[in-house]
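Student: Just so it is clear: in the sequence shown, position 67 is 67 by this note's numbering, and no numbers are missing.
By construction, these hints were calculated from the structure, which means they are not laboratory data.
Possibly wrong hints are sitting among the right ones.
Stated by the list, open to error - Listed next, with one range per pair, are the computed distances between beta-carbon atoms:
#1 C78 x R48: 26 to 36 Å
#2 L64 x L145: 21 to 31 Å
#3 W124 x L64: 34 to 44 Å
#4 V98 x S76: 29 to 39 Å
Stated by the list, open to error - Cross-link-like lysine-lysine pairs, in silico, PhoX-like; alpha carbons within 25 Å at most:
#5 K105 x K126
#6 K126 x K51
#7 K158 x K51
#8 K105 x K21
#9 K126 x K158
#10 K35 x K51
#11 K141 x K21
Backbone N, C-alpha and C define an ideal beta-carbon position, used for all residues, glycine too.
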Amino acid sequence: FFLCEEGNPEAQKQTSNKSQKSAAHLVGETNADGKLIWVGDVDHAFLRTMKLVNNSLVIPEDGLYFVYSQVVFRGSSCPYTLLTHEILRFSDSYPVEVPLLSASKSICSIETGSHHHQHRPHHWHKSIYQGAVFSFNRGDKLSTLTEHVSLLDLEQGKTFFGAFAL
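Please model the complete structure; the sequences and the hints are all you need to start from.
Tutor: Shown next as structure tokens:
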């Protein structure tokens with residue numbers, strides 16, 4: 001079977017095209033300013049025919065892409081009421097950042113803030129995962145906006161952002 005596929009130029013072309021599908025999987029870190037930055041060259045992160053420019057993924061070709069992101073927050077008190085994470089698109093055809101996906105979670109319930117729990121530490125973890133298919137143009141840029149970055153859990157596999165061509 002392997003020899004037949006090697007001898008068939010059409011099969012080689014199809015195999016080659018499939019292996020070159022654009023894809024990126026980035027992991028989150030914080031910079032010196034405490035901002036969330038995406039990195040494509042550590043752990044299991046990678047960039048295949050996509051570029052990371054100014055913390056934005058640049059779409060290399062027109063087409064359909066699955067875009068996804070997850071952030072995990074953690075803490076031991078309830079100083080904030082809402083955690084948010086968005087994926088934004090910037091396009092030359094409409095040069096304003098437009099939210100593609102947006103989600104938020106409350107940290108603490110009413111019971112957690114009651115007098116009964118005030119003297120015990122309340123450890124919590126909240127994850128936000130989003131993913132959907134979008135049609136993009138070459139040169140479109142994808143970025144994220146995350147509130148309360150200081151509460152992010154940046155351990156391996158918990159906070160990531162990516163896209164791949166369909």
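Student: Hints first: check each against the structure and report whether it holds.
Tutor: These are the hints, each one checked on the structure:
Between C78 and R48 the C-beta distance comes to about 41 Å, which lies outside the given range of 26 to 36 Å. The hint said 21 to 31 Å for the Cβ distance between L64 and L145, and at roughly 23 Å that hint holds. The beta-carbon spacing between W124 and L64, approximately 37 Å, falls within the hinted interval of 34 to 44 Å. The beta-carbon spacing between V98 and S76, approximately 36 Å, falls within the hinted interval of 29 to 39 Å.
Between K105 and K126, the direct Cα distance comes to roughly 7 Å. Compliance with the 25 Å bound is thereby established for this hinted pair. Pair hint K126 plus K51 does not hold up; C-alpha atoms about 30 Å apart against a cutoff of 25 Å. Using a Cα cut-off of 25 Å, the hinted pair K158 and K51 holds, with the two alpha carbons roughly 22 Å apart. Simply put, K105 and K21 have alpha-carbon atoms about 34 Å apart, too far for the 25 Å limit, and the pair is violated.
At most 25 Å may separate the alpha-carbon atoms for a hinted pair to count; K126 and K158 meet this at roughly 11 Å. Distance restraint check for K35 and K51: the Cα-Cα separation of roughly 20 Å lies within the 25 Å cut-off, and the hinted pair is therefore satisfied. A distance of roughly 18 Å separates the Cα atoms of K141 and K21; the hinted pair therefore holds under the 25 Å criterion.
Hints 1, 6, 8 from the earlier list are contradicted by this structure; the remaining hints agree with it.
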